[in-house]
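Full structure from sequences and hints, please.
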Amino acid sequence: MSAADNIGALPTIAGQSRPRRWLSRLGSGLLRLVLLTLAGLVLAGIVHIVTVLRVPALASGDAATVYAALGMNGRAELVTPPPAGLPAMLDTDPNSVAAVCSYDLAAGPLRVVARTSSLPLGLTVHRRGGGVAYAITDRAAIRGNLEFVVMTQEQLDERLANDEEGETSRELRVISPSLQGLVVARVIVRRSFDRSEAEALATGVACSLAD
Amino acid sequence: MRVLPLAYVIALGAGLGLVSARYAVAERPWFGRAQIGAWTTWPNSGARDIDPYMRAYLARGVHLPLGAGEGLELIAKEDDAGQALDARCRYLVSGTTPPARGWSLDVADLAGRSLQSTVERASFTDAEIVRGERGGMRIVLATAPEAGNWLPLPAGGRFQLRLRLYDTPISSHAGELRPSALPRIARIDCR
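Going down the list, the protein sequences come from chains A and B.
If you're matching positions, the first sequence starts at 23 in this note's numbering and goes up one per residue.
If you're matching positions, the second sequence starts at 4 in this note's numbering and goes up one per residue.
Because the hints were derived from the structure by calculation, they are not lab data.
Model, not experiment: these values are computed from the prediction.
Take the hints with a grain of salt, since some may be wrong.
So, partial list: chain A residues that the calculated Cβ filter (under 7 Å) puts toward chain B [stated by the list, open to error]:
(1) LEU58
(2) THR87
(3) VAL88
(4) LEU100
(5) PRO109
(6) THR146
(7) GLY152
Each residue gets a CB set at the ideal place from its N, CA and C atoms; glycine is no exception.
In C-alpha cells form, the structure reads like this:
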C-alpha cells in the first residue's frame with residue numbers, strides 16, 4: 023500500500039469515529055441521568071417517611087392543640103357544638119355529644135372522675151398530635167363511678183416507688199405518651215329527647231390534679 | 004458543573020417526597036383499612052398501635068376518633084354493586100348489625116359533614132328505627148319521603164353513609180367480619 027492511499031483513508035476513519043463518540047457520550051449522559059434520578063427517588067423516599075413521621079409533632083390544628091384551653095376549670099366542656107371561635111370536630115356523629123378536658127401533665131397526674139347513667143358513656147385519652155392512648159366505657163364503672171388517673175411513664179414509676187409495700191393500689195393508672203392531650207367524654211344520644219341529659223352527663227366529668 | 008446534578012437530585016427528592024407525603028395523609032390512608040362488602044373501616048385508628056399515616060391524617064384536623072374499646076366506625080361510599088352512592092337514586096339499607104350496645108347510621112357529604120336537610124332527620128340510632136317482624140333494620144334513603152324508616156337525601160350529588168357501632172366486641176377483629184354481618188346497601192332506582 024502506498025503513502026498516498028493511507029492519506030486518502032484518514033478522513034473516512036475520522037468521519038466514522040465522530041458519530042460513535044457522540045453515541046458514547048449520549049449513552050454515558052443517559053446513564054448519569056438514570057443514576058441521578060434513582061438518587062432523587064431514594065431521597066424522595068426518605069423525605070416522604072420523615073415528613074409523615076414529623077406531621078404529628080408539627081401539627082398545630084389537631085384536636086388537642088385547638089381545644090387546649092377547654093376544661094381547665096376542672097370540668098369537661100362541650101365541643102358539640104364547640105365554643106364560639108373554635109373549629110368544629112370533624113367526622114362527628116350527630117347522635118353523640120362530646121365534652122373535653124385538656125391536660126398538661128407537667129403540673130402532675132390528672133384524675134378523671136365520671137358518673138354514669140342509663141346513656142352509654144365512653145372516656146378516651148387523646149394524645150397531642152393525634153391518636154388514642156386509652157379508652158374505657160361505663161361498663162367498667164364501679165358503683166356508678168368511673169375513675170382513672172392519667173400520668174406519664176416517669177410519674178407512674180415515681181408512684182410505684184412511693185406505693186406502700188404489700189398494699190394494693192385501687193387507682194386505675196393510665197399512661198399518656200405525651201405531656202399534653204385531651205380527655206374526651208362521649209355520650210350516645212339514642213333518642214333526640216336524651217340530648218340534654220347526655221350533655222349534662224358529658225359536662226359532669228371532672229378533671230383535676232391527682233395530688 | 005457538579006451543582007446542576009446535585010440541584011436536580013435535591014429538587015426531585017424534596018419535591019416528590021413532600022408532595023407524595025401530602026397526598027398520603029390528605030385522606031384516610033390505604034394502610035390499615037379493612038374492606039367488608041361496601042363498608043370500609045380502620046380498626047387501628049383508635050388503638051395505641053396506630054400506623055404513622057393514620058396518625059398524621061388525624062393530626063391534620065380536629066379529629067377525635069372512637070377509641071378501640073369505645074366503638075367502631077364504618078364508612079360506605081358505594082353500594083353493594085360497587086356503584087358510587089348518588090343522591091339522585093333511592094337506596095335500601097337492610098339486614099343486621101354485629102353485636103353492639105348501640106349503633107347509629109347517618110348520611111354525610113364526601114368530606115364527612117352531616118347533610119343539612121329541611122327535615123329534622125339526618126340519622127337513625129338503634130333505638131329510633133321501626134323494625135320488621137324479624138327484628139332487622141330496613142331504612143330507605145331517598146330525596147322524597149318514604150313510608151317507614153326514611154333518611155332524606157339532598158337533591159343531588161354524591162354522599163357517604165357512616166355506621167358507628169358503640170361498645171362492640173368486634174372492634175379489635177373487624178377485618179375478619181363477613182359482609183353478611185353488616186347491613187346491605189342496595190340501589191332501588193334512579194331519577
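The hints, checked one at a time:
1. LEU58: 5 Å, holds
2. THR87: 9 Å, violated
3. VAL88: With a minimum Cβ separation of about 5 Å from chain B (threshold 7 Å), the hint on A:VAL88 holds.
4. LEU100: 13 Å, violated
5. PRO109: 5 Å, holds
6. THR146: This hint holds: A:THR146 lies near chain B, its Cβ roughly 4 Å from the closest one there, short of 7 Å.
7. GLY152: Since the shortest Cβ distance to chain B is 3 Å, the answer is holds.
The structure fails hints 2, 4 (numbered hints given earlier, in ascending order).
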